[in-house]
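Protein sequence lines correspond, in order, to chains A and B. All residue numbers for the first sequence refer to the numbering used here, where the first residue is 25 and numbers rise by one. All residue numbers for the second sequence refer to the numbering used here, where the first residue is 16 and numbers rise by one.
Bear in mind the hints are in silico, worked out from the structure with no lab data behind them. Nothing here was measured: the structure is a model prediction, and the numbers come from that model. Be aware that one or more of the hints could be misleading.
Here's a subset of chain A near chain B, in silico, CB distances under 8 Å, partners left out [to be verified]:
#	residue
1	A194
2	L195
3	T196
4	F197
5	R200
6	E205
7	F210
8	N615
9	K617
10	P620
11	N621
Counterexamples of contact, computed for chain A against chain B with all Cβ distances above 10 Å [claimed, not checked]:
#	residue
12	E199
13	A209
14	K411
15	Q838
Distance ranges between label pairs, derived from CB positions [claimed, not checked]:
#	chain 1	residue 1	chain 2	residue 2	range
16	A	D457	B	F35	16 to 24 Å
17	A	D101	B	G142	47 to 55 Å
18	B	N41	A	G42	20 to 28 Å
19	B	S40	A	K785	40 to 48 Å
20	A	G165	B	S40	38 to 46 Å
21	B	R68	A	R306	44 to 52 Å
22	A	F773	B	S40	21 to 29 Å
23	A	Q838	B	E67	47 to 55 Å
24	B	N41	A	F773	32 to 40 Å
25	B	N41	A	D495	32 to 40 Å
26	A	T516	B	D130	52 to 60 Å
Beta carbons: idealized from backbone N, C-alpha and C, even for Gly.
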Amino acid sequence: MTQMNVKIDGKDCIGQAGQTILELAIDNGIDIPNLCHDPRLKPSGSCRLCLVEVEGARGPVTACTFEIADGMVVSTDTEEIRGLRKTVLELLFYEHKGACATCDDNGECKLQTYGYEYQVEDDVINCGSVCSEPVPNYTAGNEAIEYDVDKCIRCGRCIRICEEVQMDSALTFKERAGQAEVTTAFDIPLNESTCELCGQCISTCPTGALYERHAKGKGQCKDLKSTTTTCVYCGVGCQIDLNVSAKTGKIVRATSKTGVVPNNGNLCVKGRFGQDFVSDNRRLTMPLIKKDGEFKEASWEEALDLVASRLGAIKEVNGADSIAGLSSAKCTNEENYIFQKFMRACVGTNNVDHCARLCHASTVAGLARAFGSGAMTNSIEELKDAKCIFVIGSNTTEAHPVIALNIKHAVVNNGAELIVADPRCIDLVRFADMHIAQKPGTDVALINAMIKVIIDEDLLDKDFIAERTEDFELLKEAVKNVSLKEAAEITTIPADLIRQAAVTYARAKTSTIIYSMGITQHTTGTDNVLSLANLSMVTGHIGKESTGVNPLRGQNNVQGACDMGALPNVYPGYQQVESPNVQDKFEAAWNAKLSPNKGLTIVEIMHAIEEEKIKGLYIMGENPALSDPNLNRTRKALGEVEFLVVQDIFLTETAQYADVVLPAVSYAEKDGTFTNTERRVQRVRKAVEAPGEARLDWKIICDISTRMGFPMAYYRAAGIMDEIASVSPIYGGISYDRIEKVGLAWPCFDKEHPGTKFLHKGKFSRGKGKFHPVTFIPAKESTDKEFPFVLSTGRQLYQFHTGTMTRKSAVINQVSPTGYVEIQLDDAVNLGISNGDRVEVKTRRGCVETDAKVTENIEPGWIFMPFHFSEAPANMLTIDELDPVAKIPEFKVCAAAVRKIS
Amino acid sequence: MNLIGENSDLNILDDILSAFTEITSNDLIPILQRIQNGYGYLPKDVVMEVSERTGIAASQIYGVATFYEQFHLKPRGKHLIRCCRGTACHVKGGPEIIDVIKKCLGLEAGETTEDMEFTFETVACLGACALAPLMVIDGNYYGMMTKQKVAEVLDSFRKPAEEIA
Numbered sequence: 025m026t027q028m029n030v031k032i033d034g035k036d037c038i039g040q041a042g043q044t045i046l047e048l049a050i051d052n053g054i055d056i057p058n059l060c061h062d063p064r065l066k067p068s069g070s071c072r073l074c075l076v077e078v079e080g081a082r083g084p085v086t087a088c089t090f091e092i093a094d095g096m097v098v099s100t101d102t103e104e105i106r107g108l109r110k111t112v113l114e115l116l117f118y119e120h121k122g123a124c125a126t127c128d129d130n131g132e133c134k135l136q137t138y139g140y141e142y143q144v145e146d147d148v149i150n151c152g153s154v155c156s157e158p159v160p161n162y163t164a165g166n167e168a169i170e171y172d173v174d175k176c177i178r179c180g181r182c183i184r185i186c187e188e189v190q191m192d193s194a195l196t197f198k199e200r201a202g203q204a205e206v207t208t209a210f211d212i213p214l215n216e217s218t219c220e221l222c223g224q225c226i227s228t229c230p231t232g233a234l235y236e237r238h239a240k241g242k243g244q245c246k247d248l249k250s251t252t253t254t255c256v257y258c259g260v261g262c263q264i265d266l267n268v269s270a271k272t273g274k275i276v277r278a279t280s281k282t283g284v285v286p287n288n289g290n291l292c293v294k295g296r297f298g299q300d301f302v303s304d305n306r307r308l309t310m311p312l313i314k315k316d317g318e319f320k321e322a323s324w325e326e327a328l329d330l331v332a333s334r335l336g337a338i339k340e341v342n343g344a345d346s347i348a349g350l351s352s353a354k355c356t357n358e359e360n361y362i363f364q365k366f367m368r369a370c371v372g373t374n375n376v377d378h379c380a381r382l383c384h385a386s387t388v389a390g391l392a393r394a395f396g397s398g399a400m401t402n403s404i405e406e407l408k409d410a411k412c413i414f415v416i417g418s419n420t421t422e423a424h425p426v427i428a429l430n431i432k433h434a435v436v437n438n439g440a441e442l443i444v445a446d447p448r449c450i451d452l453v454r455f456a457d458m459h460i461a462q463k464p465g466t467d468v469a470l471i472n473a474m475i476k477v478i479i480d481e482d483l484l485d486k487d488f489i490a491e492r493t494e495d496f497e498l499l500k501e502a503v504k505n506v507s508l509k510e511a512a513e514i515t516t517i518p519a520d521l522i523r524q525a526a527v528t529y530a531r532a533k534t535s536t537i538i539y540s541m542g543i544t545q546h547t548t549g550t551d552n553v554l555s556l557a558n559l560s561m562v563t564g565h566i567g568k569e570s571t572g573v574n575p576l577r578g579q580n581n582v583q584g585a586c587d588m589g590a591l592p593n594v595y596p597g598y599q600q601v602e603s604p605n606v607q608d609k610f611e612a613a614w615n616a617k618l619s620p621n622k623g624l625t626i627v628e629i630m631h632a633i634e635e636e637k638i639k640g641l642y643i644m645g646e647n648p649a650l651s652d653p654n655l656n657r658t659r660k661a662l663g664e665v666e667f668l669v670v671q672d673i674f675l676t677e678t679a680q681y682a683d684v685v686l687p688a689v690s691y692a693e694k695d696g697t698f699t700n701t702e703r704r705v706q707r708v709r710k711a712v713e714a715p716g717e718a719r720l721d722w723k724i725i726c727d728i729s730t731r732m733g734f735p736m737a738y739y740r741a742a743g744i745m746d747e748i749a750s751v752s753p754i755y756g757g758i759s760y761d762r763i764e765k766v767g768l769a770w771p772c773f774d775k776e777h778p779g780t781k782f783l784h785k786g787k788f789s790r791g792k793g794k795f796h797p798v799t800f801i802p803a804k805e806s807t808d809k810e811f812p813f814v815l816s817t818g819r820q821l822y823q824f825h826t827g828t829m830t831r832k833s834a835v836i837n838q839v840s841p842t843g844y845v846e847i848q849l850d851d852a853v854n855l856g857i858s859n860g861d862r863v864e865v866k867t868r869r870g871c872v873e874t875d876a877k878v879t880e881n882i883e884p885g886w887i888f889m890p891f892h893f894s895e896a897p898a899n900m901l902t903i904d905e906l907d908p909v910a911k912i913p914e915f916k917v918c919a920a921a922v923r924k925i926s
Numbered sequence: 016m017n018l019i020g021e022n023s024d025l026n027i028l029d030d031i032l033s034a035f036t037e038i039t040s041n042d043l044i045p046i047l048q049r050i051q052n053g054y055g056y057l058p059k060d061v062v063m064e065v066s067e068r069t070g071i072a073a074s075q076i077y078g079v080a081t082f083y084e085q086f087h088l089k090p091r092g093k094h095l096i097r098c099c100r101g102t103a104c105h106v107k108g109g110p111e112i113i114d115v116i117k118k119c120l121g122l123e124a125g126e127t128t129e130d131m132e133f134t135f136e137t138v139a140c141l142g143a144c145a146l147a148p149l150m151v152i153d154g155n156y157y158g159m160m161t162k163q164k165v166a167e168v169l170d171s172f173r174k175p176a177e178e179i180a
C-alpha cells in the first residue's frame, strides 16, 4: 500500500492509495456533508453535497468519488463551497415534502441536520409540504417496510444496498428525472419480489423515506434511547441497537451502526423485525405452580421453596444422578456458568447438557479430536478474502444471513470460487461456480472421494502433512479402495463433478470450509466432521488467514454455552470432568465435592426418564417438546418425569409439562455476554425493564442453590465473568472493561492477550493435527416401499428454532405463517399433489399434516421440512438414533411417506 | 383491456434469446428492443422469464424499460398516432387537434383504444414545422391539419366491420 500525504482544511492526513477524499476525511474526524454515501456501498456521487475544492482541480469535486493523491490540498468548508451546498440542499428540499414535526426520523435524518446547518430558508423547506394521503406504492400491504415517496431524495442508497450488499436486487428506480421513484419490478408488492425483508434499505436511507412500518408513530428518533447489545437470534452475533421509547418503555426499532464487528451495520429480517417478543403480552410475569393439572400463579417464595425442597428430596432419595438439567444456548455465558455450577456443585451431578447436543455436538467432538479445539478456526471477516469457499450442509443465506453477505462479497467482488454441496438448490447456488447435490447422509462418501482425488492427482500439501500432522498413513490406507465411480453412485453426484470440486478446493491459495447442520445432524456426524478435518489437512488449508474449517454455530450463545461447560463431560473451558486434576481444581475453586463421572446427554436424559433413572429435570430456556427428535417419545418422557421445572420467558410447549414454571427475563432486559460463532465474547446490555415479576436467570438459580444448602450470591453479571476468567484459561483475559467496545475472540489467556483471530497458526491446539480414517456408513434408516422418501429437516430464513420468539412478530407471521413440506415437482405430480395442498407426512414414529410446497429446488425422492412450527412439528417424524460419539440425533435423514389428504 | 403480460407465447422469446450467447446486462437493451418488435410491447411474463433465464434482475430490467421512452409495458394499438406539441404546431392550433383526437378516440395521451386499434402519443417535435399543425400515423405525415381533417383521416383507418356496426 502506498501512503499518501494529504492536507484537508490545513490538517495533515495520511491516507492509502485508492482512498477517496471523503473516506480520508472521515478517518480524520473531518465532517464533509453527504447524503448518498454509505461505507458499505460503492460511491455513486449522486447527491452532490460532498463537493470540496481541490487545489489545481478545474472546479469543485465530489469527495466521495475523488481519489486522493500525494500532496493533495483539499478545502471542505469555503464560502463558495458552502454556497453550492446550500443550493444543492434547496433543490433537494423542493423534492422532499415531509415535515420534520411529524416525521419519525426526526433526530436521525441527515437532510434535517444539513437543513439546519446550512440554514435553508423556511419557505424552501416547507415549499412542498403536502397534506394529501400517500399514493400506494410497492410497500403497500407488507408489514415490514414503508416507503414514503414524498420524503425520498432519490439518492439510490436503498437500491444500491439491495444490489451490492444484500445482492437481492429487489429495488430499482422507475421512470426518470422528476418522475423517478423507488419501486420493485413492475411495482409488484415487496413480499412477492426477491426482497428478503432484511430492511437494509431502511438502514441506509438518509431520510425518513424508508422506515419500519410498525415503528411509525411510536416515537421520533430524537426521543428514543439507544442501547447497543448483541442480537439474540443466530450465532453470527450481530451488534444491534435497541431503540427504546422513554414514554412506553418498549423497543420501537432495532438498528445497527456501520463499522461494528462483525456485522458492519447489517442485520437480517429476524434481528430487525423480530424483536416484538420482548414486549409481547404473553410473556411470563409470575411463577406458576401446577395444581390438579392446572397452572396457578404463585409467589416467588412459594415457587423457589417448592423447587428447592422437591429437588432436595429427589437427591436424598434417589441420589444426585437422578436429577438432570438442560442449560440454554439462548442465555448468557454468566447464566450458563451459574447453571452448570449449580448442577455440579449444588446438586452434585454432571447431568447437564443443552441444545448444542442437537446441532454441533459432532463438531465439538470431531474437531477437538482432529485439531484440539471444536470451534470456527477463522473469523467471519476473513471469509471475504478466501479464494475458494466450500459450503457443505449449510444454508448460509437463511440460517446465518449476515455471514452469507461475506460469502457473496468474496464471490462477486473478490472473485472467490464457490462450491456448494447441498441436497437442495439453496439460494447460495445462485453465486456458486458449482453445485453438487449429495444424497442426504452420504457426506463421508463425497469427502473421502475428494481426498482420494487429491491423493491420486498429487495435490497434497506434503510439507504440511509431514510437519504439522500425524497418522496420514492411516487415512491413506482407509481411502485406498475408494473409487470415484462408487462414490458417484452413493452420493448421486457425477464423478467428474466430485473430481472438479476436489481439484478446485485443493488448488486455491486460500480455501475455507463452511459447514453446519447438514454435516453434523447425522448418526455419522462426528465422522462427517472428521472427514472435513482430513480434507483440510491433506491440502494444508488450515491454520492460516482466510483458510480453515468453519462450523457455523446456530444459536446466539451456543458457542458460549459449550465454553461454559453446559456439557456433561467438561467443566468451563473444555476441562474434562473425568480428569482427577481438573476435578481437584474445581473442587477447590467452588468449595464443593464434585462427581468424577460423565453425565448424560439430552436424548439420553429423555430415555433415562423412561427407565426411571432420571426423576427430576430442570430446563432453563430450552424447548425440547418441539426441538428434540421423535417428539412422541420426548413428550411422553416430559409428562412422566417426577418433577419438572421450566424457567423461560414464555409458556412454551415444554413449559406446559412443568410442575413449576419460573418467569425469566429476555436478553433485552439483562446484562451479560454471548460468545458468537467466531468465538468472540460480546456484551449483552439491558435496554428495557423486565415485565411483571420476571427475574434474572442467574439470580433464580442462585436463590434455589442457596435454599438447597449451597449458597451462591453475585452482585452483577460482570462479577460472574471474573469468576469464569479465573477458572477457564481460554477466557482468562476476558473482562467487561476489555470488551466494552469490541468483543474479544478466545483463546484469550490473560489481560494482555489480544484474543485469537484464527486458530492453529503454526501449531494445532492439540499439538499435531490428527488424521482419522473414516469410512462411509449409510444412514440408520433407509427408504423402502412403505416409506419411499428421504426426509431432511432444517431451518428457514424468517423463523428461529422453535419459533417461540420469531412467531410473535407481525412482520414474520405475514411472510412465514405456517409450516410446509418441500416436495419435488415430478414426485408431486405422481402423487397428485399441487402446491398448497394439504398433505400427510408419515414416518415410523409419527405423522404430521401440513401444506405441500412443490419445488424444483430439491431432487426427486427427497423431501424437506422446517422444524419451527408447533402445528406441523417436523420432529414428530425424526428418528432418535444417535451418533455413537457425539450423541447427536439424525435429524437430517429418515424414511418418510407423503400422501395428499382429500 | 386484455390481460397484460400473461400467457405470452414464449416461443418468440426463445428465438430472440437464441441469437445471444452468454447474455450479460450489456445485451439488455437489444434484447428488450427485439422483444418489443416480437410482441409489440414488453409483456410482464416475458420480462420475468428473461430475468429467470439470464440472471439479470427483474428490477433492473424494469428500471431500464421505464427509463427509455421507446419501451412500452402495455400492449400497443394497431396504429400509432403521434401529435406534435412543438412551438410551431402550438401556434397553428395544435392543442385543438390534440383535443379532437382525444375526443374522437375517447382516450388520453399515452393510452390505447379498447379495440386495440389506436395508440395515441404526443411528442415534443416531429421536425416538419412547415407542415404545422401536424400528426403522424404509422410513419405517414398528415400536415396542415384541421378539426375536420382529423376525423376523416381517423375514419380512413377504421376497420370496415366497425363502420357497419
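These are the hints, each one checked on the structure:
no. : hint                             : verdict
1   : A194                             : 6 Å, holds
2   : L195                             : 6 Å, holds
3   : T196                             : 4 Å, holds
4   : F197                             : 6 Å, holds
5   : R200                             : 5 Å, holds
6   : E205                             : 10 Å, violated
7   : F210                             : 5 Å, holds
8   : N615                             : 64 Å, violated
9   : K617                             : 65 Å, violated
10  : P620                             : 60 Å, violated
11  : N621                             : 58 Å, violated
12  : E199                             : 5 Å, violated
13  : A209                             : 4 Å, violated
14  : K411                             : 23 Å, holds
15  : Q838                             : 21 Å, holds
16  : D457(A) with F35(B): 16 to 24 Å  : 22 Å, holds
17  : D101(A) with G142(B): 47 to 55 Å : 49 Å, holds
18  : N41(B) with G42(A): 20 to 28 Å   : 26 Å, holds
19  : S40(B) with K785(A): 40 to 48 Å  : 42 Å, holds
20  : G165(A) with S40(B): 38 to 46 Å  : 30 Å, violated
21  : R68(B) with R306(A): 44 to 52 Å  : 47 Å, holds
22  : F773(A) with S40(B): 21 to 29 Å  : 52 Å, violated
23  : Q838(A) with E67(B): 47 to 55 Å  : 25 Å, violated
24  : N41(B) with F773(A): 32 to 40 Å  : 55 Å, violated
25  : N41(B) with D495(A): 32 to 40 Å  : 53 Å, violated
26  : T516(A) with D130(B): 52 to 60 Å : 56 Å, holds
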